[in-house]
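Residues per chain are reported as follows:
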Amino acid sequence: MTMQPASTEITSRTAAIVQELKGLEGPLLPILHGIQEEFGHVPQDALLVIAEALNISRAEVHGVVTFYHDYRSRPAGRHVLKVCQAESCQSMGSDAIAAKLKQLLGIGFHETTRDGSVTLEPVYCLGLCACSPAAMLDGEVIGRLDGEKLDEIVAEVRS
Amino acid sequence: MIPRIYIPADSGALALGAEKVAKAIASELAERGIEAKIVRNGSRGAYFLEPMVEVATANGRVAYGPVKPSDVKSLFDSGFLTGGPHKRWLGAPDKIPFLAKQTRLTFARCGVIDPLSLESYKKHGGLNGLKNALELTPAAIVAQVTESGLRGRGGAGFPTGIKWKTVLDTAADRKYIVCNADEGDSGTFADRMIMEGDPFVLIEGMTIAGIATAATKGFVYIRSEYPHAVAMMQKAVEVARKAGVLGASVLGSPYAFDMEIRVGAGAYVCGEETALLDSLEGKRGMVRAKPPLPAHKGLFGKPTVINNVISLASVPVIMDRGAAFYKDFGMGRSRGTIPIQIAGNVRYAGLFEAAFGMTLGEIVDEIGGGTATGRPVKAVQVGGPLGAYFPRALFDTPFDYEAFAAKDGLIGHAGIVVFDDTADMLKQARFAMEFCAIESCGKCTPCRIGSTRGVETIDKLAAGIEPEKNLALVTDLCNTMKFGSLCALGGFTPYPVMSSITHFPDDFKPAPVRVAAE
Chain E
0 MTMQPASTEI TSRTAAIVQE LKGLEGPLLP ILHGIQEEFG HVPQDALLVI
50 AEALNISRAE VHGVVTFYHD YRSRPAGRHV LKVCQAESCQ SMGSDAIAAK
100 LKQLLGIGFH ETTRDGSVTL EPVYCLGLCA CSPAAMLDGE VIGRLDGEKL
150 DEIVAEVRS
Chain L
0 MIPRIYIPAD SGALALGAEK VAKAIASELA ERGIEAKIVR NGSRGAYFLE
50 PMVEVATANG RVAYGPVKPS DVKSLFDSGF LTGGPHKRWL GAPDKIPFLA
100 KQTRLTFARC GVIDPLSLES YKKHGGLNGL KNALELTPAA IVAQVTESGL
150 RGRGGAGFPT GIKWKTVLDT AADRKYIVCN ADEGDSGTFA DRMIMEGDPF
200 VLIEGMTIAG IATAATKGFV YIRSEYPHAV AMMQKAVEVA RKAGVLGASV
250 LGSPYAFDME IRVGAGAYVC GEETALLDSL EGKRGMVRAK PPLPAHKGLF
300 GKPTVINNVI SLASVPVIMD RGAAFYKDFG MGRSRGTIPI QIAGNVRYAG
350 LFEAAFGMTL GEIVDEIGGG TATGRPVKAV QVGGPLGAYF PRALFDTPFD
400 YEAFAAKDGL IGHAGIVVFD DTADMLKQAR FAMEFCAIES CGKCTPCRIG
450 STRGVETIDK LAAGIEPEKN LALVTDLCNT MKFGSLCALG GFTPYPVMSS
500 ITHFPDDFKP APVRVAAE
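As they're listed, the protein sequences go chains E and L.
According to numbering that gives the first Met the number 0, the stretch in the first sequence is residues 0 to 158, in order.
According to numbering that gives the first Met the number 0, the stretch in the second sequence is residues 0 to 517, in order.
Check each hint, because a few of them may be wrong.
Here are the simulated lysine to any residue pairs, SDA-like style, with alpha carbons at most 25 Å apart [as the list claims (entries may be wrong)]: (1) L:K122 / L:S69; (2) E:K148 / L:L115; (3) L:K282 / E:S72; (4) L:K130 / L:L115; (5) L:K442 / E:H68; (6) L:K301 / L:D172; (7) L:K282 / E:H78; (8) L:K22 / E:D137; (9) L:K282 / E:E51; (10) L:K22 / E:H78; (11) L:K122 / L:D172; (12) L:K442 / L:A392.
Just so you know, these hints were derived from the structure itself, not from any lab.
Note that the structure is a prediction, hence the values are computed from the model and not measured.
Please build the complete structure, drawing on both the sequences and the hints.
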């Protein structure tokens with residue numbers, strides 16, 4: 000298990016991020032991005048701090064956090080692998096790629112391996128449609144996925 | 000003269016191994032003790048040749064591609080720094096057929112220059128449009144953009160000049176320019192390419208929009224799936240600020256304009272302009288009812304120009320070369336050029352900027368070279384997940400807003416995804432509904448509930464349950480979604496679904512009863 004920061008620590012680190020960004024016009028998304036970068040997810044304890052600083056309700060913050068696919072309610076694995084499942088990649092066999100990955104990693108989409116090494120997610124377009132099928136591993140882009148590249152990816156996330 | 004080597008840092012090139020090639024070249028240079036400057040340019044868009052490395056020689060640039068790290072030693076041995084022969088040799092990049100056949104106006108510099116060098120940008124005609132604009136009144140700039148015939152490249156095709164005029168004519172203490180860089184449509188990557196390869200052209204376009212409409216603040220809303228584009232735009236804004244292109248006095252003029260880069264959070268619906276505005280304001284990305292138009296009450300309730308990346312990036316060339324020059328390209332009411340993105344199962348995938356008017360067949364067969372798998376083309380989806388699937392029978396349709404609408408399709412953001420004959424169109428229709436269900440903002444019923452019922456009904460079709468009744472039900476549902484949805488997500492999902500049913504009816508017939516193998 001990953002150690003979770005104590006809630007007082009979450010509160011103070013959240014307050015620092017909010018303080019830095021609240022002067023922006025429409026600061027909520029930048030703040031949430033900052034918090035997710037800091038903690039790897041958006042902790043429940045952060046919501047009240049944000050709500051009070053921006054003078055909105057905790058429910059409103061919750062509504063925004065849960066609307067967007069990017070914000071996580073719990074930390075992801077050490078690696079995050081996003082596999083494109085949109086039309087361009089479909090035309091080049093992304094279904095089979097996803098099935099192979101699920102089998103190799105032993106998890107489904109939106110799941111994390113038991114050792115916490117990797118989280119597997121679908122993504123709908125990475126803008127790499129001229130080199131489909133595509134994926135993104137921890138922000139690094141990978142095009143023209145094939146069996147060999149899948150093995151490399153799996154070896155990397157397992158190491 | 001120190002040799003210059005161009006190695007793209009465009010995401011597409013990186014996805015094909017450009018970083019490893021760059022490292023291999025750098026270490027080979029060090030090993031051989033050769034002094035050379037490596038420039039990380041954008042991509043010219045011929046992705047079947049990426050990573051495409053170029054060297055500047057006395058006789059102009061020479062390209063090599065697709066380069067693998069294992070090619071690097073032999074490239075040096077062949078004297079590639081002076082354009083020497085090699086199996087990867089392609090010659091002058093602008094003579095490569097895929098590139099030579101294009102009309103590059105918006106993408107003129109993309110892949111050519113160092114994206115963060117303002118000097119290089121200026122040397123290739125950058126800032127001329129802005130300088131011309133500064134000599135004109137706001138109304139005259141708007142008139143020129145209107146006269147050019149430029150229409151929204153995001154998909155809706157609304158005349159850009161008219162949008163700007165509405166904002167100019169609306170009095171307010173504060174106005175905004177918002178750039179929609181939430182390029183979520185599968186098969187499209189033009190916005191990403193220009194932001195990574197020529198970010199200043201977008202900054203220049205937005206600045207001109209600001210001056211033309213009396214807006215002083217701009218936002219670029221970029222999707223989070225594009226981390227490289229985000230980083231590039233952030234750096235470019237810094238450079239532009241330091242050089243006085245952005246700030247309290249744009250190029251020393253009395254006009255003020257500055258901008259911020261904002262990152263989305265993975266919601267497709269935020270590509271819809273009003274949902275994008277809500278998202279920028281820090282809310283759930285819910286679609287707003289219109290009126291009021293964003294041009295009257297947009298971001299934070301202020302008059303707002305909201306344009307797609309390519310619309311804004313096309314403005315500098317219009318202001319530089321004139322409305323008549325731009326308008327001269329194209330057909331009918333579709334004027335100028337459009338960056339067509341050829342993607343999916345296609346041999347020569349990439350970005351092809353051309354005047355409107357080429358037929359779909361020319362694009363897919365001649366430019367794209369047919370499928371990558373070598374099998375026959377079955378269907379082509381034009382315009383992203385909300386675009387129609389076109390069969391070969393409609394390949395004579397010219398690339399033009401009206402011509403596509405007449406065939407119950409749309410050109411959208413001009414992405415084209417090619418499918419070979421292994422594609423199952425029922426599966427594609429189901430995916431369109433499924434995607435709509437995943438991405439619906441939930442505000443209107445036809446989209447929120449219709450998409451889920453659509454998936455269920457298509458599943459029944461697939462299972463052979465009352466096929467005629469369920470096909471009629473899907474058709475009726477599509478009709479409701481098309482006319483009853485608040486925005487294009489629910490409203491256009493019927494395009495891929497109905498075009499699949501109309502053009503590929505065999506895929507929707509019940510599967511022949513299989514005899515169980517005993």
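The hints, checked one at a time:
1. L:K122 / L:S69: 35 Å, violated
2. E:K148 / L:L115: 32 Å, violated
3. L:K282 / E:S72: 18 Å, holds
4. L:K130 / L:L115: With Cα atoms ~20 Å apart, K130 of chain L and L115 of chain L stay inside 25 Å; holds.
5. L:K442 / E:H68: 17 Å, holds
6. L:K301 / L:D172: With a Cα-Cα distance of about 8 Å, the restraint between K301 of chain L and D172 of chain L holds, given a limit of 25 Å.
7. L:K282 / E:H78: Outside the cut-off at roughly 29 Å; violated.
8. L:K22 / E:D137: At roughly 20 Å apart (the allowed maximum being 25 Å), D137 of chain E and K22 of chain L satisfy the hint.
9. L:K282 / E:E51: 16 Å, holds
10. L:K22 / E:H78: 24 Å, holds
11. L:K122 / L:D172: 37 Å, violated
12. L:K442 / L:A392: 38 Å, violated
Checked against the numbered hints above, the structure breaks hints 1, 2, 7, 11, 12 and satisfies the rest.
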